[in-house]
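Grab the two chains, each in its own frame, and use the hints to assemble them into the complex.
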Amino acid sequence: MNFYGQQEQDGYPLAAWIWGHRMRIGQHWMEYLLEFLNVLAGFDYELGRKDEYKRFTRLGLRRFVFYDEREKTRHFSDDQAVKFLHRVFKEDYIAGPEPEETLQLVRTLLQAFSAIEEQRSWYAKSLFPAHHNLLFWEALRKSKKGQSNQNATEPRDFDTGVAFDARNFFARGGEIYYLILSAGTQDNQERCTKIANRLKSLLNDYNQGVGYLAALVDQAWHQQVAGNDDFADDDIHKTGRLGWIPDPNCQLYKIIAEDLETFLETHIDPLETLDLLAHLIGFHLTLYIYHRAQPNMPSQTHMQGNCLEAGRLILLVDALNGSDGGVIRQVSATLFQEQEARIIQAGKEYVSQFVRDHSDDTDVAWSYFGISRLSKDTRKSFEDKKHKLDAAYQRAEIALDKYLKRYAEILWNLLINDFRKNFLGVHRKLSKSVGFVAPKKGAGARFVLDDNILKALTLANVSKQEMTYDEFLARLYLRYGIVVGPIEARQSGLFERQRINVEYYDRNKIALLEKMKFAGLATEYSDATAMIGKSV
Amino acid sequence: MNLHVNPFVVHLNRYTTVSPEHEAAFDEFLSQELASTTEIQPLRIETKTEQFIRQQFQQIQPPCIILTGNAGDGKTYLCRQIIKDFTGEDITQWPPEVIQRVKRGDLTLNVVKDLSEVGEDAGVKILEQLNTVLLQEETQDVFLIAANEGRLRALLSQGKLSDLHRQVDKQLREEPALNQPQLLVLNLNQVTTSSYVQQTIAWLTQKEYWKHCQECPTSRTCPIYFNAGQLSNDFVVSRLKFLYQILEHLGVHLTIRDMLIHLVYTVTGGLNCQIIAERNGQAEWKDQRHFYVYYENVWGETADEIFQRKILATRYLRRLDVGNVSVFNVDDFIINGSLDEETQKVYDDLLGERLDLGEKLFSQRRFEYLHGGVTSPKPEEEHPLIAWLPHCRRKLFFEWENKDETNRLLSFAHLPEYFRLIEGDTIMLERCRKNLILGLNRSFSGLFLSEDNNAHLYVTSQYAHAVEQPVPIIRTRISASDIELILIDETSEVFDRNFTKLVLDIPPPTRVRDADPKKWSLGLLTFEYLMRRACGGTSNVLATECELKIRRLKDELLQDFAQQESDPDHIFFFGAHKNRYVLQDLRINEGKIQTSGSK
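Protein chains in written order, with this note's numbering: chain Y, 37 to 572; chain V, 3 to 601.
Chain V on its own, in the form it takes in the complex (with noise of 0.2 Å):
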């Protein structure tokens, strides 16, 4: 048989590192093939920060721009275009310099496209210069340098550059500071990845690319052209990028490099042309496809444990763990489908007879299990069907247009609160808010508060290891009412950054003036974490992810709000009282100690 082979997916083979050839994903990589590739065009991201850079380099007097990020956060990338730019030419090859010298006029261009990979001393060194035109008032050097951002940090320690290692740090902490022209510190961190799913996908799954596969005699049960029709639609899209979204509000990162390994495997699932027509000729291989699907894929669920562990996003993704655990509605639904005609109707679409579906397979599971019969199982074994659940339950989740029933999939239970605080919902910031300062109230005693304990934030201290009943004691509190949830809309013009914040923001107490308020960030995790801790629900889920970072809140208001001792003759401590904790105190006055009998 005459093998078919589609360019486009060999290409695609090089971007993930089950392959041998992962190499694509390199931007060393892309600009020596440009030049041979015709067909292809390689994936071309338009980012706002590539625009910014270049609009700052169009200035007569640009800035020295120091770009950091993770490796494979397109720095590598943007010094080629901006060279580009200047010269007005590709480079296919990296010269071997270090600093790469560019002129446009009398300005000179110094690129130093990774400063991790020169040495230390050499590291210093270009740091130095940099420095020295900093200090110039007049000058016709620019640098970009590219680094690692704990590299960059380590290297400014040493030598003397703390005036530039303050401003570095500033930048990196708060935010690139566009109003001073000398020196941009641009953190490509700031990115949210998730902007560029749509793009990327579009560039996937671009119709001309797969023209190839219609010649193929195998592309009927190709599960690699099935994936990429399947990602076209908007809706599945959209869904993918949510995921994205839901890792950057847990605090992960992707680069670019791993979001694009990422989708290219979740369309070929590691397979290529060659695979699919060995496979084609075994008997078992119609009973597997299905598990190549992209909805399988983008967990990485076939992918080995190297390759699970090695891709960023399939690490995490996993972890959210859609699939396993059992949602009544949607269950029903795969199960029994529905006696309204139109939602039959969507159900039939989604769930019948399909590639995915093991062509037959899965409705004849479904029949047997529904009516019985000579197939069925003994009674203590679980019915085949089963079996097919996580894969249907996760195809739901990427198809099924109803959206609140398929969002439990994911194991949060606040997860639809916290989206639609994030979306500005007014009445539930009040909700969470109270439910929020409660959550923290017991996560900082160790105590199982009642919500009358609720008008104030206490921070408290205790000995850890109290043989007895513990005792917190309430090292200052802040009154609940003054304590505000908000949101701060992160949007940048100078990168593609698409998120919303959500922060608790804690004013000093009344009689710790000069203190600045403690803004504390709250991700998905810990929202979960003091949402459940606040309405029920088990604390101990989250508990090793959180607790140390509550812990750390707890540590800076004890530092800032109570560093001296508000009233030692007045202490405030939880005690049991009648099988409940409650706010207690002892005063002392002259010599005498009084209860103010608080039940």
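This is chain Y alone, in the form it adopts within the complex (with noise of 0.2 Å):
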């Protein structure tokens, strides 16, 4: 199998297998973006390196934010951490005569950039990357309250048993982003280069004196940790490697890197910029997981670079919002349901293969899918099945194809609980937060574009030379298969299939429309012709 990135033998869950190396439900929205960003940071924001990239602890910075008296996982160590450092940075960092005043006005400050709460211990917590200096990975505290530490007086003590290979929730979400920019600018150095010199100087040109500020405190923790002011080489020895994508010719891979380039253009505010980026990541990555949900697509499809073509998606998005009596809102809700089918499917399927293509050895699976790492009784039940059915054809009383097809069955009884527990939701999870789907909670889940996501993909879509709402749509059409007008609903099939009047497709198109003058993505000239532009 082709893949991008670092790949090991075997030993890994099923949904890896199929969208790479990984993605996994536990793992916030936000997320994807922090750690994406993380990753191209420690690889001194270049993308394509595959050896390690460096992570940043900030333990300091982190502690002076997030922890105070309302934590949920308090620890001896860390009060004493607190404690040391709001007096170490009083005393060194702060001039004035009322020190615990600008002490707490720094905190308000860089608390109003506090991006992921969730009821998470204080190590669980992030910033919003306003500046590069308020990236730091994730870290999880592995002794247990008041299980050592207790004798500790010397600040360095206080740092040991926080570790930063938990990926609870860096789960590699962003890497995997990392991996499909790396594959997909290839064989286009110089998108490679601007993408990355356009983020890093996103992350460093702006917001300086937060960025400032944010580097005191931690600085002021690690003159105490390491007892002088070299900082900078102690915080970042902790290292990270990468996981991996599977076909790295995709077309999808180059695309998303094209809407990269093309977004980062812009010249609104950094803040939205990142927000937006969030928001296209979200979409880029539901897209990238129905894309390899398709069916029929062999590898040999996305190496030779015509998948987009092969398994064009279908995504009618309802931009009526139910004032046409919910008939659009009903297909896309269809749609959306048949997304979700084809991941399982696609799973299903892949197991299928995989029991036919090593049908002289049933038993690789075992290391293969890393079934060791299940529960006992899952896998002793799935071992008794397997006897059994080893038995009977040892018995030949069930021929070979027989035997396969029933093996694939209980392999993929095994494997589906840990796929849908842990991947399966993903793509919801995603594309809703991201507002590319309707309702955020409960039933009735479709295609939708919010705000955030529409100003987005204008930014991605659009340069400096406007297009007509025709283009614009035809583009989308193309890229993502999305679709709103008559006219992609006719070429997609989906009119033929749904045989809904072509009036509901008008007035979808028009609905979006509307959107998106209101939102000042589109001028309307006239009743001809709308152009989409970008607001600034």
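Everything labelled a hint here was simulated from the structure, so no lab data went into it. There may be inaccurate statements among the hints.
As the list claims (entries may be wrong) - A few chain Y residues that don't get close to chain V, going by computed Cβ distances all over 10 Å: (1) R85; (2) F418; (3) R464; (4) G529.
As the list claims (entries may be wrong) - Restricting the straight-line Cα-Cα distance to at most 25 Å, the calculated cross-link-like pairs of lysine-lysine (DSS-like) are: (5) K477/Y x K457/Y; (6) K312/V x K553/Y; (7) K416/Y x K457/Y; (8) K520/V x K553/Y; (9) K162/V x K500/Y; (10) K172/V x K553/Y; (11) K503/V x K553/Y; (12) K521/V x K500/Y; (13) K178/Y x K90/Y; (14) K551/Y x K312/V.
It should be emphasised that the depicted structure is a prediction, and the values quoted were computed from it without experimental measurement. Don't be surprised by glycine CBs; every beta carbon is placed ideally from N, CA and C.
The structure is reproduced here in structure tokens:
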């Protein structure tokens, strides 16, 4: 199998074999952006690297911002550490008559960038990367409360027991995005550099004041831990290794890289740019999941670079919001369900194929899918069934093809729990968070385009030269399979398949334009033509 | 009974889209009808644009002209007038050719009456021909092209026409290049249609067109005839025009066709002589007639939903929601009249027993309301008079000369200030300037900043999904005293444009020298919104309409004035302090953090 990144021989769950290593449900949508930027910065803002990236720990900064008396995971060491830090900070880093007030002001300012809260412990919270100095990697305090460190008095002891390789929340989704961009720019060095440089600039040239403050806070801690000012080296010695993605020549990767290049040309507020980037990433990764779940798409198709045409998605966006009596909504909801069914089907199909390919040694599945990591009971039940099946086959009660079919079934039944629990929901979570699927909660999920994602997509598709609304819609269809109006409905075959009146698509098209006009993304000059352009 | 039909009403019915033959509003129709009609002179609006183009084409070497505008702005009409001028003959039928060539001496005038009607390739070809002509030093060819703006832009972005594209775009965005004799781009969107309201109403209410009605037995109770009479009153017309002006200040452009259809509907209410005759035989008509008076028709009250949506004017006018909001002094007048003798006379004149008040209906209800009696409803029921209030308010809006009161029926709290500004009230200018800056500061930061935070315009940015309290960081600030509120008179020699624009002139901050000042024009809507944010009133009203526009201003200010970080060692932001938001700052000096302790 073709892959891009760092792949071990085997031992991955099923989803990884299809969608790469890896995406998991636990990752907050904003953490895809955070992880991606952490990885990129950890590679010194270079795409295409395959060695190890630095992980920023910044324990001083994160304790300063997040750890206080409301902390849900209180720990003796951290209590001490914060006390220590506050004292040092006030003594050495603050001038003026009211140091406590100044300290609180610094804290208030930094807290305003708190990106992930969600009832987590301080070490699992993150800051929105307004500046490079606000980037840090997910941590985990391994020593239990009161277990050790009770006698610790030295600052450096307070940091022991904190690890950076948990990957509960930085579950490699951001890495996947890094890999996609790297693979998508393999043959376009210019684009590769442009994207990396622009992101570097976004994280370093703006909000420098906030970055400076964050650095000072962290420095205050490191001075204590390391006993000197040379904090930079000490802070980044922890490193991480990338996961991998399949089929490095997939067309979608190029599209995604192209989108991002155009998107980054914008000059809107850097904070908004980063926020919209988070939306774009969520959208791209949702597409990626769908693209790889398209049926009848062998690796070859991706290799040959015609996978977009061969497996064009059909994602009907409902812009009418029910004003048509829910006709478009209904069709859109059906298509959404279809996408989810395809994800499951892709998993099932992969297992069958695997079993057929390894008919001579069916036990290879054990290590290939890392079955030893599953719970004892689950494994036991699988083993029992497998035994019975093997026995039946040896007694020649069933033929080989029947045997393989049955085996594929029980293997699938074994893997499906983990698949459902940890992967299947990812596309829902991502697409709903970025406003590509509504409603956020509850039944009747369907494709929509909320203001933010609409703006992100406009910025990603329209460079300096504006384009007509029709061209814009055609582009959305060709690149992502998004269907809005009657032309694309016909092209995609959706019109034939669903047999709803063409007027609904017309109204849908008008409704989306209204929305874009409202958001300042489109200008309608007359009854005939609307132009799509960047608002700034 | 003999049916009396006024041919003028028949003619008018062709304009309103509720009638099946609504083609009268199209020039293509008019030109054909012209020949046959003798009695009724079709409406002929004299426009500055027509005069201007005429003058241009009288020159020995006339310029090429592109006319853009929406469907209904009168592009085809203008083309026809020009051809007539050139050939001395009226065209009753447009020939099928895409380009119509008209000769005058050696000069050939190439007229394309609608670029949207020709295919894409043909359209590009025409523009290429135009381009060639423009590049020649001497030429006997002149072009007159009418096109929708969007279509024109789309075609120009194809082909190798980038130079022409730039020229056209510049003239469309700025103004016609009158000093540039080769190509003129005239955007009829610039026309303020309110300029034509008086002319059009004069035509609609011309006495001789209505003399037929005098012989009609139903004329005494006919709402159409009634409307024609009422609308000839100058004050009523001025109010109608005022409504159109309000729409223009809200950024709505109505085409001449929109206006025609709307004003005709205002007179007829979609009725005709036959319908009136039929309904006259029905008992309930007596209680319904007053629904068709002009001050109800003007909002499309009785029109069906499709008509309301299709006719731009009613679609927007309905949003002004006149009549549904109670204004004390207006309602008091409607119910109690006045103790002052003069005013009571006015009252009797306006609200006595009249056709548009259901003859005696309103007076009876009012009497019952004031004096009670057997017909009084139960306490939990609404008194029938209440149902009359919206109707009467609308009537007074048009007919009561006490404009200060009736203007409050428009749901804009700051409308009087706006129009006083527009008329050049300098005291108002200073007061509004301060409030607008405060409104912007509150809107930019999303916080209810107190009034003492108004020394600057603060351009802030913040993380949108902040879990904790948002802390907007000030990216740049502009001294409030440098920001001016100015009026720009947009009167034009090419268009009938009577419009004064209200503009906030924001200079770049002192350290950004090379940037141009930002000229931000405020319509009535944004004005209202910012004033509400500054003066109190619920900030969510109009938020959806205005927030994005304000957001865009902020984006532009950030881009033009704050591209470079000013001073990374000094951070200004708004933070909570003792239950309010105050300007805070943190300064980093040689590795030490300090606050100047803004309180």
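We went through each hint and held it up to the structure:
1. R85: holds (29 Å)
2. F418: For F418/Y, whose nearest Cβ neighbour in chain V is about 43 Å away, the distance exceeds 10 Å, so it holds.
3. R464: Nearest chain V Cβ is 19 Å from R464/Y, so the label holds.
4. G529: The claim holds: G529/Y sits with its nearest Cβ about 26 Å from chain V, beyond 10 Å.
5. K477/Y x K457/Y: Holds, at about 18 Å.
6. K312/V x K553/Y: Holds, because 19 Å separates the two Cα atoms, which is no more than 25 Å.
7. K416/Y x K457/Y: holds (20 Å)
8. K520/V x K553/Y: holds (22 Å)
9. K162/V x K500/Y: This hinted pair holds, its Cα atoms lying about 17 Å apart.
10. K172/V x K553/Y: With a Cα-Cα distance of about 22 Å, the restraint between K172/V and K553/Y holds, given a limit of 25 Å.
11. K503/V x K553/Y: holds (22 Å)
12. K521/V x K500/Y: holds (22 Å)
13. K178/Y x K90/Y: Distance of about 21 Å is within 25 Å: holds.
14. K551/Y x K312/V: holds (19 Å)
Hint compliance for this structure: every hint is met.
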